[in-house]
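Taken in sequence, the protein lines are chains A and B. FYI, the numbering for the first sequence is 0 to 343, going by numbering that gives the first Met the number 0. FYI, the numbering for the second sequence is 0 to 348, going by numbering that gives the first Met the number 0.
Everything labelled a hint here was simulated from the structure, so no lab data went into it. Where is the CB? At the ideal position from N, CA and C, for every residue including glycine. Do not rely on the hints blindly, as some may be mistaken.
[To be verified] Computed beta-carbon distance windows for the label pairs:
1) Glu219/B x Asp51/A: 57 to 67 Å
2) Gly197/A x Gln156/B: 51 to 61 Å
3) Thr82/B x Ser104/A: 19 to 29 Å
4) Ser16/B x Thr111/A: 48 to 58 Å
5) Leu273/B x Arg99/A: 16 to 26 Å
6) Leu11/B x Val93/A: 45 to 55 Å
7) Val93/A x Val343/B: 49 to 59 Å
8) Arg329/B x Asn102/A: 42 to 52 Å
9) Ser104/A x Glu219/B: 42 to 52 Å
10) Gly91/B x Val93/A: 19 to 29 Å
[As the list claims (entries may be wrong)] In silico DSS-like cross-links for lysine-lysine, where the CA-CA straight-line distance does not exceed 27 Å:
11) Lys30/A x Lys69/A
12) Lys137/B x Lys157/B
13) Lys182/A x Lys105/B
14) Lys229/B x Lys184/B
15) Lys264/A x Lys30/A
16) Lys29/B x Lys137/B
17) Lys29/B x Lys184/B
18) Lys137/B x Lys229/B
19) Lys34/A x Lys69/A
20) Lys182/A x Lys218/B
21) Lys229/B x Lys185/A
22) Lys185/A x Lys218/B
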Amino acid sequence: MYVVRPVEAGDIAALEALSAVTMPGVHTLPKTRDKIEQAVERSLASFAAQVDIPSEESYLFVLESLSERKIVGTAAIFASAGSNGTYFSFRNDVIQQVSRDLNISHSVHALTLCSELTAYSQLSSFYLDASVPEGPAPALLSRSRLLFAVQQPQRFGDRFFVPLAGVTDENGGSPFWDALGRKFFKMDFLDAERTIGGARNRTLIVELMPHYPVYVPLLPGDAQAAMGQIHPSGEQAFNLLTEEGFEADEYIDIFDGGPILQAHKHALRTFTGSQTLRVRTSLDAAPAEGPLYDYAIANNAGPGFRAVTIKSAELEGCEAVALSPEIQDILRVADGDSVTCVRL
Amino acid sequence: MLVVRAINENDLDALYSMATQVGTGMTTLKPDMQMLGDRLATACASFAETIPPEQRDYMFVMEDTSNGRLAGVCAIKGAVGLTEPFYNYRIGTLVHSSRELNVFTKMDTLYLSNDLTGSSELCSLFLHPDYRQGYNGKLLSKSRFLFIAQFPHLFTQKIIAEMRGYQAEDGSSPFYEGLGRHFFKMDFHHVDDLTALGKKSFIAELMPRQPLYIDYLPKEAQEVVGAVHKSTAPARRLLEQEGMHYEGYVDIFDAGPVLQARVSELRAIRDSDLAVVSPDTDMTHACAPAHPEPTLVSNTILKDFRMIVTQATPVNGAIDLSTLDQQLLRCHAGDTVRTLPLNVRKNNV
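Can you build the whole structure from these sequences, using the hints too?
Structure below.
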């Protein structure tokens, strides 16, 4: 059994162990103990804060294996991307080339530095330990952030995006960076990422990155091929997010060309398909009639947020969901409390 | 003997046969009877001053008087870009700098521009291969400067010349392959043909409107920005000696350089002089310097402008021209002519 919950101060050592095994260039977790401590403190403060307008809050969730009493995954959501600045990305524009006189009609792609994703809520830091089996747990981890957003809409924007790490070679080089950012920054990809700390909201981006559209056909083939391509480590997240309703192709990362998935919340299944139900205690373990489905189910306890997966018959049209005492215990709910459910 | 003269109505057939010799790459001189006929009509109207100065197109031909053949052609357009847009790339500089990272990047950038709109243009220079010797190339190219010096009021302040851009052995343009092809999806020569048909502005409208960082172009394309075609290098040198220079404007298709000058800065304006033709006598021969320098001499009649290169040198405002020279120029003793040393004066100090 896995549970998703807000990070706690006691998780710092476990997070440090997790961050030690993440890939270079993949900015999922802070790398140093100081940074991890800061991230945890910021998350605790964010959950505790009274929020009317989303701002600098950053909520960090962990996936805990209850049987092993061990942290096996992380996922975060920033209330407002680019806080204290602007979130920069490349917008993938299509320019129509049409001349009736010359009988020419085709399209040319161009990348334009833009700040449109600023103030979107940003999903990030999705990381799963290799020991977590396929099945409902990865989806639970990815979805829980959005379940929390469904419960607390005032804490988040109406639009969400997720940058996924782009393609890098075994030395940590990025063909997209080499063709584009390097010409302006004059440094290696990893050096640049280290210098900027993975941030996309720094003034120096405006100072250095191209102000004019970059015409894609002018980029070398390997850089073009890397545009919108995900690092293999991000494949699972990509699949989960596209199932959720996120769309790729419109924006890419300014450094490594990795895809930035984005969606209005009304296009996301967690928002459109979730329902609030009352808890009913089920004592008999006998399965209900009809087919069973995986559901993510979360309490509505703010800083005490807990989410698990259950197998249940179709809940569409129901007013209550039957939960075993054991599940109620994990979720810290009792008969009659309301919970948020979404089918996985 | 060779004379460069204003073109006239009787030159059409000879002009056409010369145009068949030109080959690809020269967009303003294609063997097309209709186009050449129209152009000739404009040129005749220009010399006759029946159309306004900015519409004029002064064409000159080099004629071999021994057999009546045309040996070459060149032209000056009164103004470019006034009926359809005249496009160039201007090479500008963009600096990207971050104090925080201690990074300072200076990027050359191509800006699509119409900056040269309204300039007078030197164009359509072609010398038949049989005549590529001696002073002939210089005479043909420089004759236009003498014309401008004689009639500066007919031209705008700025004069330009587009030079053919660099081409690889196989006739392809590395700049076009690196840039234009992505936007037109057609061959360079096809674009060239369309340009000749007066569709250059149509094509230009398909060019990227936003500035382009030269660093993004393939290396081969970057290297030829502002470089001339191998066979155009001598022509470029001639124009540079006359006071024209490259100021960072290039052709949008092949990146060939645009040379430009203020009319007032042309050597022909500064160094040419009027002289009176002396009677052809032994007396004046005796006054001639021992080592004469070749001199460009023209008459001063717009309608029947004529130029030759001669060994005679003007002395004290008079020039001793042989009877034959006078016939070529259609002038007589007592007439005024304009003279300019053919070669740039070496500084002897």
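Hint check results:
Between Glu219/B and Asp51/A the C-beta distance comes to about 58 Å, which sits within the given range of 57 to 67 Å. About 55 Å separates the C-beta atoms of Gly197/A and Gln156/B, a value consistent with the hinted range of 51 to 61 Å. A hinted range of 19 to 29 Å holds for the C-beta pair Thr82/B and Ser104/A, which are about 26 Å apart. The hinted range of 48 to 58 Å is satisfied by Ser16/B and Thr111/A, whose Cβ atoms lie roughly 53 Å apart.
Judged by the Cβ atoms, the range 16 to 26 Å given for Leu273/B and Arg99/A is violated: they are separated by roughly 54 Å. A hinted range of 45 to 55 Å for the beta carbons of Leu11/B and Val93/A is consistent with their spacing of about 49 Å. The given range of 49 to 59 Å is respected by Val93/A and Val343/B, whose C-beta atoms sit roughly 53 Å from each other. Evaluation of the 42 to 52 Å hint for Arg329/B and Asn102/A yields a pass: the beta carbon distance comes to about 51 Å.
For Ser104/A and Glu219/B, the hinted distance range of 42 to 52 Å is not satisfied, since their beta carbons lie about 28 Å from each other. Range check, Gly91/B to Val93/A: Cβ separation about 26 Å, and the 19 to 29 Å hint holds. Between Lys30/A and Lys69/A, the direct Cα distance comes to roughly 19 Å. Compliance with the 27 Å bound is thereby established for this hinted pair. Between Lys137/B and Lys157/B the alpha-carbon distance is near 22 Å, which keeps this suggested pair within the 27 Å criterion.
In summary, the hint linking Lys182/A to Lys105/B is supported, as the alpha carbons are separated by about 10 Å, within the 27 Å threshold. Using a Cα cut-off of 27 Å, the hinted pair Lys229/B and Lys184/B holds, with the two alpha carbons roughly 26 Å apart. This hinted pair does not check out: Lys264/A and Lys30/A have alpha carbons roughly 31 Å apart, beyond 27 Å. Taking the CA atoms of Lys29/B and Lys137/B, the gap is near 23 Å; set against the 27 Å cutoff, the hint holds.
Between the alpha carbons of Lys29/B and Lys184/B the distance comes to roughly 23 Å, so the proposed pair stays at or under 27 Å and holds. Between Lys137/B and Lys229/B the CA atoms are separated by roughly 18 Å; this keeps the pair inside 27 Å, and the hint holds. For the suggested pair Lys34/A and Lys69/A, the alpha carbons sit about 21 Å apart, so the restraint of at most 27 Å is met. About 13 Å separates the Cα atoms of Lys182/A and Lys218/B, which keeps this hinted pair within 27 Å; it holds.
Between the alpha carbons of Lys229/B and Lys185/A the distance comes to roughly 35 Å, so the proposed pair goes past 27 Å and is violated. Between Lys185/A and Lys218/B the alpha-carbon distance is near 18 Å, which keeps this suggested pair within the 27 Å criterion.
Checked against the numbered hints above, the structure breaks hints 5, 9, 15 and 21 and satisfies the rest.
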